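Q: These protein sequences, in sequence, are chains A and B.
Counted the way our numbering counts, the first sequence spans residues 1 to 332.
Counted the way our numbering counts, the second sequence spans residues 333 to 665.
Don't read these hints as lab results, they were simulated from the structure.
The structure displayed is predicted, hence computed values, not measured ones.
The reader is advised that the hints may include incorrect statements.
Said to hold, decoys possible - If you want the footprint, here are the derived chain A segments under chain B, 3+ residues with CB under 8 angstroms:
#1 171 to 180
#2 279 to 290
What the hints assert, rightly or not - Pairs of lysine to any residue residues, derived as SDA-like cross-links and limited to a Cα-Cα distance of at most 25 angstroms, are as follows:
#3 B:Lys413 - A:Gly299
#4 B:Lys536 - A:Lys106
#5 B:Lys414 - A:Val107
#6 B:Lys410 - A:Tyr174
#7 B:Lys536 - A:Ser180
#8 B:Lys475 - A:Ser180
#9 A:Lys41 - B:Asn513
#10 A:Lys181 - B:Asp458
#11 A:Lys278 - B:Gln519
#12 B:Lys556 - A:Met169
#13 B:Lys474 - A:Asp281
#14 B:Lys413 - A:Ser298
#15 A:Lys106 - B:Asn377
#16 B:Lys474 - A:Thr280
#17 A:Lys278 - B:Glu518
#18 B:Lys474 - A:Leu279
#19 B:Lys475 - A:Pro177
#20 B:Lys556 - A:Ser180
#21 A:Lys181 - B:Lys414
#22 B:Lys413 - A:Lys181
#23 A:Lys324 - A:Ile248
#24 B:Lys536 - A:Lys324
#25 B:Lys552 - A:Ile166
#26 B:Lys474 - A:Gly184
#27 A:Lys278 - B:Pro515
#28 B:Lys504 - A:Tyr109
Using N, Cα and C, we set each Cβ at its ideal position, and we do this for glycine too.
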Amino acid sequence: METFFKRLSSLSATTILLILTSIFIVLFIEAKPAIKEYGLKFLIDPRWGVVISNTQNDKLKNNETVEKSSFEDKDDLDDDLEDDDIAIEDEDALAAAGVTASTDTKVIYGGLIPIVGTILSTLIAMIFAVPIAMGIAIFLAEIAPPKIAKPVGIAIELLAAIPSIIYGMWGLFYFGPFISKIFGGGSVSLLVAGLVLGIMIIPFMASLTRDSMKTTPDVLKESAYAIGATKFEVIKDVIFPYAKTGIIGSMILALGRALGETMAVAFVIGGVFKLPSKLTDPTVSIPVVLANNFAESSGMSLAALFYLALILFVISFVVITFAKFYFLGDNK
Amino acid sequence: MKKIIAGLALAVVSSFGWSVNGTGATFPYPVYKQWIKGFYDSTGNKVNYTGTGSGTGIKEVALRHVDFGGSDKPLSPKTLKKAKLYQFPTVVGGIALAYNIPGVNNLKLSEAAIEGIVLGTIQYWDNPIIAKYNPNEKLPHKKIIFVHRSDKSGTTFNFTYYLSKMSNVWRKHYGARKLINWPTDEQGRGIAGKGNFGVSAAIKTNNYSIGYVDYADALKNNLKMATIQGRDKKFYAPTPENFEEGAAHAGFDPKRDFFKVIAYPKKGYPIIAATFILLPKEKTDTNKKVTTFFNYAYDHDEVAKKLGYVPLPSNVKAMVRSYWKDHDIKPQN
Chain A
1 METFFKRLSS LSATTILLIL TSIFIVLFIE AKPAIKEYGL KFLIDPRWGV VISNTQNDKL
61 KNNETVEKSS FEDKDDLDDD LEDDDIAIED EDALAAAGVT ASTDTKVIYG GLIPIVGTIL
121 STLIAMIFAV PIAMGIAIFL AEIAPPKIAK PVGIAIELLA AIPSIIYGMW GLFYFGPFIS
181 KIFGGGSVSL LVAGLVLGIM IIPFMASLTR DSMKTTPDVL KESAYAIGAT KFEVIKDVIF
241 PYAKTGIIGS MILALGRALG ETMAVAFVIG GVFKLPSKLT DPTVSIPVVL ANNFAESSGM
301 SLAALFYLAL ILFVISFVVI TFAKFYFLGD NK
Chain B
333 MKKIIAGLAL AVVSSFGWSV NGTGATFPYP VYKQWIKGFY DSTGNKVNYT GTGSGTGIKE
393 VALRHVDFGG SDKPLSPKTL KKAKLYQFPT VVGGIALAYN IPGVNNLKLS EAAIEGIVLG
453 TIQYWDNPII AKYNPNEKLP HKKIIFVHRS DKSGTTFNFT YYLSKMSNVW RKHYGARKLI
513 NWPTDEQGRG IAGKGNFGVS AAIKTNNYSI GYVDYADALK NNLKMATIQG RDKKFYAPTP
573 ENFEEGAAHA GFDPKRDFFK VIAYPKKGYP IIAATFILLP KEKTDTNKKV TTFFNYAYDH
633 DEVAKKLGYV PLPSNVKAMV RSYWKDHDIK PQN
């Protein structure tokens, strides 16, 4: 029985590792055509789905040249345009027939904008959410009388259970317009996305932080009070150091959720492929690009999406590992 | 024992009706759903259609995973030949330019105005090119916010196809695609919404915005829609009658498997789009079942009209029916 139990639990643990590596391998294989095509330049290329013809490659660098040449061509405007004249993106059609893309034009995919969008929206969310979540947790764990702490605690746990699409709809119709009235800009923007994300991760962080604060032994707190410490000093010098691991753990979990959040952000981030010059500009994040384009993509555009997914995977992995070792390293 | 017999009897009864499966374009999904319901009620035959997007529709039927595929984008005769598929149109829809300018209710947009707005050369609502045809409206000196789709979509393809035919500059730089880098985004005047629903919401919640939405959705959301200039330089309001006039001049050709993006017809409202069905050539028996269903659909125009779609003109229907006959996939009975 003893060995059976041991085996069973180690099997469960290895399943996770297996799933993790198989996801990584699948992403890598699917992304391979895009990795081969664009290489690491993908990370710093702000163009997404831009068509260039191979011969015009150099011209495109100079926008004015293209502008000029196109206006010159205006003379040969034919009244009955042939359909073939129009640069139709024929990827689906070609993929259906089992033919690879033609060689005279090339579509460039670069991931810079979604990568920056993901990092910025997560950053805004964390800056907004961490102080509020800490406040809620301290209030619930130490300050509020049980009569209040219990219902508020339940309410917060309920908030954590709301599906993200509901946050998205609420953000699109009410919160977004409200924010745009205060800060200007459109009803969908990086700022709105960051704040909605922040609101989504607050309950998560707050309830985990509260739970870990509550594990502080009463003896410790009482002895601090006994030597004349104020409530603030007890929280700052006794509870926080004691619950540090749990608090940072809650932040890491919340960070992971913010990085990968899709539905809510897809509605409120704007979906525009442009580096934001200010907070109220619309932009995109990696999960949003994936959700918006996955169903309609094939061939190279699909490979580029898998490349983006792989990058998101790596970003999450790096951020979480870094956070774990940096903050919790000395505890282990 | 009784239960088993009853179950067997039920199975026998239900096996009298056949069923076919299809997947693809989401744009015609509401009207297909209604037709499927009516078809089932009157014949007992089942058609299953799921709205997964045109790209998926093409892929699934090319791989022979489904009996038929739906696509908003027609495939060229060459591609159809390679993939061994038949193709025919089913229903037409209009794309409206919906706007939100407080105080302006009857916006008229000329071709030059539309071109300027999408290319970003017209930046303010009171630009003389727009004002020219709107002498009675008080156009504000406000920046134009252009709303577009953030997801890959057939609506974007059809709208940009229209732009490509209408504007030479647009054709040179952008062409017709399902996802496009809009020039207005570069200027910071662009917003995008996910799905028709997202675009409608963005137009509603942002003053001084304009965007393209499927007519049925604009209608549902009570958006103001611009009257726009057609290819014959006349102005057309987005109404089913004007869409129909456009569809009548679309120029479908059965010899080319109806390969035709119908936007920018010679007359009528210019931004219209047809949606297509793809059939695997070798499956003659199931194809006959599918055409039986669409034959039924062609006879029930009122269903499409009620939902804001435009039925195919009768001459096109006749063409499709003889196309079926020629390829020996004529509807049953």
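Q: State for each hint whether it applies.
A: Now for the hints, and whether the structure bears them out:
1. 171 to 180: holds (count 5)
2. 279 to 290: holds (count 4)
3. B:Lys413 - A:Gly299: Judged against 25 angstroms, a Cα distance of about 20 angstroms means the pair holds.
4. B:Lys536 - A:Lys106: violated (37 angstroms)
5. B:Lys414 - A:Val107: holds (23 angstroms)
6. B:Lys410 - A:Tyr174: violated (49 angstroms)
7. B:Lys536 - A:Ser180: holds (13 angstroms)
8. B:Lys475 - A:Ser180: holds (15 angstroms)
9. A:Lys41 - B:Asn513: At roughly 20 angstroms apart (the allowed maximum being 25 angstroms), asparagine 513 of chain B and lysine 41 of chain A satisfy the hint.
10. A:Lys181 - B:Asp458: holds (23 angstroms)
11. A:Lys278 - B:Gln519: Holds - the C-alpha atoms of glutamine 519 of chain B and lysine 278 of chain A are around 13 angstroms apart, at most 25 angstroms.
12. B:Lys556 - A:Met169: This hinted pair holds, its Cα atoms lying about 22 angstroms apart.
13. B:Lys474 - A:Asp281: It holds: about 18 angstroms lies between the C-alpha atoms, which stays within 25 angstroms.
14. B:Lys413 - A:Ser298: holds (20 angstroms)
15. A:Lys106 - B:Asn377: Roughly 46 angstroms separates the two Cα atoms, so the pair is violated.
16. B:Lys474 - A:Thr280: holds (18 angstroms)
17. A:Lys278 - B:Glu518: holds (13 angstroms)
18. B:Lys474 - A:Leu279: Roughly 21 angstroms separates the two Cα atoms, so the pair holds.
19. B:Lys475 - A:Pro177: Distance of about 17 angstroms is within 25 angstroms: holds.
20. B:Lys556 - A:Ser180: It holds: about 22 angstroms lies between the C-alpha atoms, which stays within 25 angstroms.
21. A:Lys181 - B:Lys414: Violated. Lysine 181 of chain A to lysine 414 of chain B sits at ~54 angstroms, over the 25 angstroms cutoff.
22. B:Lys413 - A:Lys181: violated (55 angstroms)
23. A:Lys324 - A:Ile248: holds (8 angstroms)
24. B:Lys536 - A:Lys324: violated (44 angstroms)
25. B:Lys552 - A:Ile166: Holds, at about 21 angstroms.
26. B:Lys474 - A:Gly184: Distance of about 14 angstroms is within 25 angstroms: holds.
27. A:Lys278 - B:Pro515: Given that 25 angstroms is the threshold and the Cα spacing comes to 18 angstroms, the pair holds.
28. B:Lys504 - A:Tyr109: holds (20 angstroms)
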